[in-house]
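No gaps in the numbering here: position 212 of the sequence shown is 240 in the numbering used here, and each next residue is one more.
Read the hints as simulated data drawn from the structure, not as lab findings. Hints are not guaranteed to be accurate.
No more than 16 angstroms apart at the CA atoms, straight line, and that leaves these computed lysine to aspartate or glutamate pairs for EDC-like [said to hold, decoys possible]:
# : residue 1 : residue 2
1 : Lys215    : Asp230
2 : Lys207    : Glu227
3 : Lys153    : Glu178
4 : Lys153    : Asp111
5 : Lys207    : Asp162
6 : Lys207    : Asp229
What follows is a list of derived Cβ distance ranges for each label pair [stated by the list, open to error]:
# : residue 1 : residue 2 : range
7 : Leu208    : Pro88     : 44 to 50 angstroms
8 : Pro218    : Glu168    : 34 to 40 angstroms
9 : Gly239    : Ala61     : 31 to 37 angstroms
If you're wondering where the values come from, they're calculated on a predicted model, not measured in any experiment. Heads up, the beta-carbon is just placed ideally off N, CA and C, and yes, glycines get one too.
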Amino acid sequence: MTTPPWKDRLREAAERLRPAGLLYSTYEQRLFAELDRERLPRHVAVLADGNRRWARLNAPDRPLVAGYRAGAEKLREFVTWCDEAGIQVVTLWVLSTENLTRHTEDVGPLLGVIERLFVELAGSKRWRVKCVGDVTMLPERMAANLARAEAFSAGNDGMQINVAIAYGGRHELRDAVRKLLAAEAEKGTPLAEVAETLEIDDIAEHLYTAGQPDPDLIIRTSGEQRMSGFMMWQSAHSEFYFCEALWPDFRRVDFLRALRSYANRERRYGR
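Use the sequences and the hints to build the structure in full.
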């Protein structure tokens, strides 16, 4: 017999009212209330790592896509947490250029999950959503859908969300240099003059995130303590926070702890 929906809701409510749940909720609220608003990051980036491992541990009898879906749901929660905290820009790395070399039966479902996530975020009418990555590596239909969704969200005045799809740090620097050289060639600038006058800001103006503040805080989950080429240029002065939780298990309290850790640090910028 199918359980009536009201019984499921009653059970869920009872779970939330358990003492442990109340203690957790109280602690979470205290963390949020105690954050120093003047010291929060403007731009938070996250390497949402561990979806496949989560699937193998929690859904061994289901396809790996179960992990991707759980990870996408957590990303939806994450952007809401960022919005509540007043973060101006959030970057989500969901697919690397290396990920695209996996077997087709693995990559296909992942691309579907990512496309749905992007379109849903862009369609919320709350945020501006931008695809950052080498879209030429994506299927044409997917790239077109992402472009339409991005254009749809461009007029929103809420938080900026970058979704890093087919992203690689080396690819980004390559593309930035290509765009810079193409722009100078169009103006008729000799290559020797470009080499002599090139400045750091000239390259920064052609990055995927041009015009945005660099990430102040970069979070990586699943216990990995490496950057894997993520935002190589922009992360020169970023603060890093590594969390053991696999991405689908990442909690709001983990996010608040990351913000607290950031707020308690003294940023030196190499000085």
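Do the hints match the structure? See the list:
1. Annotation: proposed proximity of Lys215 to Asp230 holds, straight-line Cα distance about 15 angstroms (limit 16 angstroms).
2. Distance hint between Lys207 and Glu227 is fulfilled; the C-alpha atoms sit about 15 angstroms from each other, no more than 16 angstroms.
3. Using a Cα cut-off of 16 angstroms, the hinted pair Lys153 and Glu178 holds, with the two alpha carbons roughly 11 angstroms apart.
4. Restraint check for Lys153 and Asp111: satisfied, since their Cα atoms lie roughly 13 angstroms apart, inside the 16 angstroms limit.
5. Distance check on the hinted pair: Lys207 and Asp162 sit about 13 angstroms apart at the alpha-carbon level, within 16 angstroms; holds.
6. With a C-alpha separation of about 14 angstroms, the suggested pair Lys207 and Asp229 falls inside the 16 angstroms cut-off, and the hint holds.
7. In this structure the supplied range 44 to 50 angstroms holds for Leu208 paired with Pro88, their Cβ-Cβ distance being about 48 angstroms.
8. Between Pro218 and Glu168 the Cβ separation comes to about 36 angstroms, which falls inside the hinted range of 34 to 40 angstroms.
9. Between Gly239 and Ala61 the beta carbons are some 33 angstroms apart, a value that agrees with the proposed interval 31 to 37 angstroms.
Checked against the numbered hints listed earlier, the structure breaks none of them; every hint is satisfied.
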